[in-house]
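Knowing the structure of chain G, use the given hints to seat chains H, P and Y on it.
There are 4 protein chains.
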Amino acid sequence: MSYDLIIKNGTVVTASETYQGDLAIEKGKIAAIGRNFKSNGSKVVDAKGLYILPGGIDVHTHLDMPFGGTTTADDFVSGTTAAVCGGTTSIIDFAIQKKGEDLRSGLDVWHGKAQGKSAVDYSFHMIVTDLPEKRLKEMDKLVGEGVTTFKLFMAYPGVFMSDDATIFRALQRTGENGGMVCMHAENGGVIDVLVQKALAEGKTEPKYHALTRPMSAEAEATRRALALAEMAGVPIYIVHLSAGDAMEEVRRARERGVAAYAETCPQYLYLSYEDYEKPNFEGAKYVMSPPLRPRGNEERLWKGLTNNWLQVVSTDHCSFCFHGRGGKPGKELGRNDFSKIPNGAPGIETRMLLLWDAVQTKKLTPNRFVEITSAAPAKLFGLYPKKGTITPGADADLVLLDPKRKHTISAKTHHMNVDYNPYEGKTVQGTIWDVFLRGIKMVEKGKFVGRTTSGSFIKRKSR
Amino acid sequence: MSYDLIIKNGTVVTASETYQGDLAIEKGKIAAIGRNFKSNGSKVVDAKGLYILPGGIDVHTHLDMPFGGTTTADDFVSGTTAAVCGGTTSIIDFAIQKKGEDLRSGLDVWHGKAQGKSAVDYSFHMIVTDLPEKRLKEMDKLVGEGVTTFKLFMAYPGVFMSDDATIFRALQRTGENGGMVCMHAENGGVIDVLVQKALAEGKTEPKYHALTRPMSAEAEATRRALALAEMAGVPIYIVHLSAGDAMEEVRRARERGVAAYAETCPQYLYLSYEDYEKPNFEGAKYVMSPPLRPRGNEERLWKGLTNNWLQVVSTDHCSFCFHGRGGKPGKELGRNDFSKIPNGAPGIETRMLLLWDAVQTKKLTPNRFVEITSAAPAKLFGLYPKKGTITPGADADLVLLDPKRKHTISAKTHHMNVDYNPYEGKTVQGTIWDVFLRGIKMVEKGKFVGRTTSGSFIKRKSR
Amino acid sequence: MSYDLIIKNGTVVTASETYQGDLAIEKGKIAAIGRNFKSNGSKVVDAKGLYILPGGIDVHTHLDMPFGGTTTADDFVSGTTAAVCGGTTSIIDFAIQKKGEDLRSGLDVWHGKAQGKSAVDYSFHMIVTDLPEKRLKEMDKLVGEGVTTFKLFMAYPGVFMSDDATIFRALQRTGENGGMVCMHAENGGVIDVLVQKALAEGKTEPKYHALTRPMSAEAEATRRALALAEMAGVPIYIVHLSAGDAMEEVRRARERGVAAYAETCPQYLYLSYEDYEKPNFEGAKYVMSPPLRPRGNEERLWKGLTNNWLQVVSTDHCSFCFHGRGGKPGKELGRNDFSKIPNGAPGIETRMLLLWDAVQTKKLTPNRFVEITSAAPAKLFGLYPKKGTITPGADADLVLLDPKRKHTISAKTHHMNVDYNPYEGKTVQGTIWDVFLRGIKMVEKGKFVGRTTSGSFIKRKSR
Amino acid sequence: MSYDLIIKNGTVVTASETYQGDLAIEKGKIAAIGRNFKSNGSKVVDAKGLYILPGGIDVHTHLDMPFGGTTTADDFVSGTTAAVCGGTTSIIDFAIQKKGEDLRSGLDVWHGKAQGKSAVDYSFHMIVTDLPEKRLKEMDKLVGEGVTTFKLFMAYPGVFMSDDATIFRALQRTGENGGMVCMHAENGGVIDVLVQKALAEGKTEPKYHALTRPMSAEAEATRRALALAEMAGVPIYIVHLSAGDAMEEVRRARERGVAAYAETCPQYLYLSYEDYEKPNFEGAKYVMSPPLRPRGNEERLWKGLTNNWLQVVSTDHCSFCFHGRGGKPGKELGRNDFSKIPNGAPGIETRMLLLWDAVQTKKLTPNRFVEITSAAPAKLFGLYPKKGTITPGADADLVLLDPKRKHTISAKTHHMNVDYNPYEGKTVQGTIWDVFLRGIKMVEKGKFVGRTTSGSFIKRKSR
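Residue numbers (this note's numbering), protein chains in the order written: chain G, 1 to 463; chain H, 1 to 463; chain P, 1 to 463; chain Y, 1 to 463.
Treat the hints with caution; some may be incorrect.
Claimed, not checked - Straight-line C-alpha distance at most 30 Å; calculated DSS-like pairs for lysine-lysine:
#1 G:K27 - P:K404
#2 Y:K48 - H:K29
#3 G:K426 - G:K459
#4 G:K386 - P:K404
Worth flagging that the hints you see were computed from the coordinates, not collected in a lab.
Chain G on its own, in the form it takes in the complex (with noise of 0.2 Å):
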């Protein structure tokens, strides 16, 4: 029998097996999976001493979106161009409805930036800024196009904070519609005294930004997002959790039978309060929301991925210059007042690298890899068995790893449009040799082969 393609002697990852074995793809869907495969004319690959796995799915990224007088640096070009490079090929971006506008103008900005423009499939979750009653329904309409999954902030009084009312009628509708809702979870409230009583004692530096947004404010909204959806009766996703004593309470939820999960981000994982520290204002690299926290919350992080009490990783890309570019400034912006850097910090190409890192030291084993990075996303958000694993059916996105090859992180060989990266020099041990999306080759022995058009976008299916 012939194939369009026939991937060969590689070792399968999924979120529950690891085998040798034979992929045969057609129409750029897994069609088998075996051993031994003859050619019989199919194209073949042969993945002998690498790991295959299913593509990357990064469900939260910012790309080309404006924030507080300048825009990322990455759009969609750019930013899924980095993606597939580092082993992602699916992301879900965040569209934002304006204040006074329906969500639906919102997203079909956002559809207009990405499409055509991506090397990757894409999706959108919605940003919902301005909910009275009446804008309600306009949720049902949402999930009924695919996008069935809204994002609120409890954070950002004034910009995109909702009161605990609004908050509860969002998730009380997705009882209904079968969407989701996905919470910035900080005390905006609290912060922005801090932060107001920072800035009048003169506390400018980029270190303010995490001193005044304490890992209690965090937990604390956490605590209360939980809370709502556990009296909803719904379901609720804490993006970018960042504090052990939050996790904490996503824990205790999913006990007492909330359907409660939530996402960490590598930078969580690997960096600290301390880099904030760093002089000439190095520090502002790392300012982003939450912020880094204090050494030894990374391993209380850790150990919940092992444990599930943390069921994704995703990135939170959302890139700066350090210095402006291309007429978009950057984290400069906050020199004179840390509350002025622009929030965000680039990571969606380095994402399955530096955790794959952490199946070589034995914090995570290939399977749990596999399903933080890829499966577990891929269920959650509706993307699943299309996309989030091998079988057949599923669409042909596939990672070839190479176990024993070095990477080293750097701003000079990076994909991404910024001008430095918090990992610089950090080597890890793997290298994403191949990427297929759909069957198509997108990256060959590390190296970007594809077009910035292949991606489609995903229409999600709801609950």
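Coordinates of chains H, P and Y only, in the frame set by chain G:
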């Protein structure tokens, strides 16, 4: 040696001791404690067979308070008469700031309501409803005048509710002025959504008062209040805690080092949700906030009292007649809409005996009884060692309790100015026999023999 | 391409995946997984409407075992026939060391009992009853032969019980030889005192079996076993965990990093203490150790299965007739003395359907069903990836389950050689339709069509 | 009125009160408590600037005790002189049953050791080493004589260790006779295996004493002891608790309603494992069981004292000279084998000041200090209200402590008959100034002025 009064042969109980002894009183204070005191012309009371307890301190009462189109049934005259007959010799009532006015004005109104009309010593907490930054310094002034505690609300949006930033600023201020915040911890935003929904669905009976105020709404707000206090680095006191899950949050906060305290009330220890389902609108008698909780919850609270996860039992006495009386509408206001039922229930007279009953059933030791009804409130609220114990120099506020004599609670015999009693017909083991306020006999053999002018304002100490 | 067998159109379920697919089988193993496989002369089975599951693995059975003056009702012939009819294709039975003899001799006896008499693949755990230091090296030898697990007892003083020093030495040894200890965790010392006391007081009915084996005795021993493993730095597996409090200890140990695992059994999930109070000595049918627990406990165990606080469900199949049969006395042995009732109950045939019923009621997902009945046992006990999953190269041990067809459990129809069934009359949703062992059809449309010689000894891998 | 003695103007501290007052003493007892007592011919001591505390009660001492080929350095004469100089006015020492002999005989030996040789009041616990069923009734008799507590061991197999069945029977018996079991909770079986292994590997230095007695061995045994008490339905008291994890078990047991109590000792609060690594065999000075724990553990114990997870601080005073003296070999016995080092350290004299130092550093309140050093021990061990407090009728056992004066601990100045002090050179804030035993001045301005015959045997009350 001659004293004003000697009380002989009783069993003296304090928060840690139980012993046979004689008490000598001079100028309203304990002058000496011993055995076999000679009369030498002193007046003598024989307390043989009686327990001698420090006078009860009820730190949560609402007397002469306007609420929702009516006024509480008890003013200071009737309320404090009932208090002293029930073994309580000090209360802390709540003065209310009017929106847009200063704290001071609200306090003055309450001074006016109480002065010369109280049978027990009294102080005030200040209810804060409107706290822009400029008013923070008003708090300092009140602390200096002995009104050291400030109640804020996380419930009743648009009426009493403060947002998190305001609460946080108030907490920070108490860190500077030595005051303390008392918190009504229920998530008002969620509750309002649930109330509107219930009413829209035609659910108007009293039980919906409880069903729209879930335990989670209290647990969440409690957790939040504790987190705010923790971030401000100050103590906090949770009022009328009713839900076991809220208590669990207090316990956890205490274990991580927060100076967190909480009171519960007899109604949450003895009554339960089932009372709301009584026919003929009887359920309205139990409408209070937080509401009575499902059966099983009360055992958790008792366990909390035993293990010191709860520190105080107060009453939240806030009485409304079932049928209107004297121009004051009663519970009937809400016959067609549970949200219009005046919130509150009478209890100032029954607290001590209801809790002593738990001594009889071995749920509490006599010492723990004294601790939660008198010693702990005195220490937490700046009344100690003047109040709350029996040591040389303390005020001779004393209760002589007869443990052999039974007492049946009834609206027919109680001194509260209200036409029902939530514990109607309940017989407890123990009777408040004699009560002394600063050595003045107020109650003799269960009868009120004092005057409603004996009580004085107590200027409390700050931390 | 031609295969020995193709199973088409079923819904394949593994521990993490659910998908429509065809399976091709060659030489007893999974050769390929795909869709729309052409027959090309292969034998074809149509699985339309059926679930295709990895064959069940029951890691806790007692076949042909002498106990307390009798022998179990099922030997390998009847027991494994029942197993395969119930969807179980591999078992691990317990070989017993005789006191004073070497491990090897005991193992040989069990090899003799099983060889050529088993309808399913089988392996052994070694029950250790006598382990002076000199015998420790015998453990190493067994591990080398694929008998990698050793059961020790904290109960039955004077019969099976090992003291803590012995257990600790055995645990340490598994740290060197890659084996693992399986523990019967009940405090035998306490239980014996309670049994003697009960008998002395004339308490002889079956229910006293349960009343003299309190949950605390199991929780304590579990905690102790886990601590010994923790101090030895090795994994441990708790068998037949029945008490929620014992589970809590496993959970806590796992959270502090101990490689702790536990199985429970269907009887603890479905039955309860009340069964002991059945009249006419019927309670004896449920006499097993640990005993059935009070109602409410089973919900804790279900929660544990959901949250992975428990990893495996086995049967502890150990059947005795109620009335003696074939020269083997039955439960009647203890009619006048509960302590003489043979301990154990039948279950090898009913495990899979009882648990699938929980899939129907949404207590378990299909994937979790596979995990606890097959995948996790295979991984923990060195059978994976030969057993426990459906991937290329795995043994074609497959169960075709019809989810639409109901099944009623009854001693009249079951294949176990025992005159009662603890679940008599219970109807479950789902029927074991076809079963394949290494590609050999053993069960067809619910009827046994195989041979009791098809099963082979499986040499297990050590850690 | 005239009294034997009046102590004026001190700050009286009890477990719950702190107040300025005068104490009048008559016939060795507190006669009256007041203010401004007139002398009227009474002897007067001025306590201005001093704290007046209830005399310390040390419920865990080993005086004149044979152990491992030697005898403790302190007998009753030297030991109780040191005690009273350190502010302790009552002790409970351990009498030892000889194997094969009756309890009574062992008790008589200890009566002989103490009678007429004690500067403080004393009682005994009975160490039980051999408890067949027939001896259980001997326990009843001792309870009747005021020796109400029985110490059993889970450590030292072959010497002191009882098995679980024996312990359980003893616990059950105290449920009938009103006594209480005190438990040495370490898993002796595991420890012996580890000790043998260490010695076989040539590990002979003092530090291996600690490394072969892991915290888990204590936590496990503690959990087991608590479970046995729970199943017997009786209270239990854990002696010399050292490990935070063991404390956690006590806390959990208390929360589920077990009458569980535990003491720790100053050495576990102030010293740590590092002391074992001192050169020149100095580590031997700290060899005791349980051993000192790794740094960090002590903070958990302090937290436990604050939160009442621990109830008592005793000393486990068991002194051996470093160098032999007077025919008694010392720590040197184990120079080549840590397992031969006599177990124990001196502490009877330093407990009160070391803990008062924690009052100075705000770790403890003065009231909590009194509770853990005197009131709680008195209540738990049947000495209250004769001992443990300052109320009319109580023994006038009083310590006048000068909080302004510093004290430096040193073997050069201490009264214990031992050639080293574990706290050598440590300076604490506070000095034991005067001590009274039943009104008799034993210590004056820090000097011993009493007689070593003043102490009497105290017959203790049972529960």
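Okay, the hints, checked on the actual structure:
1. Among the hinted pairs, K27 of chain G with K404 of chain P is inconsistent with the structure: their alpha-carbon atoms are about 34 Å apart, more than 30 Å.
2. Under the criterion of a C-alpha separation no larger than 30 Å, the hint pairing K48 of chain Y with K29 of chain H is consistent with the structure, at around 22 Å.
3. Of the supplied pair hints, the one linking K426 of chain G and K459 of chain G is violated, its CA atoms being roughly 37 Å apart against a limit of 30 Å.
4. Restraint check: the Cα-Cα separation between K386 of chain G and K404 of chain P comes to about 27 Å, which is no more than 30 Å; the hinted pair holds.
Hint check: violations occur at hints 1, 3; the rest are consistent with the structure.
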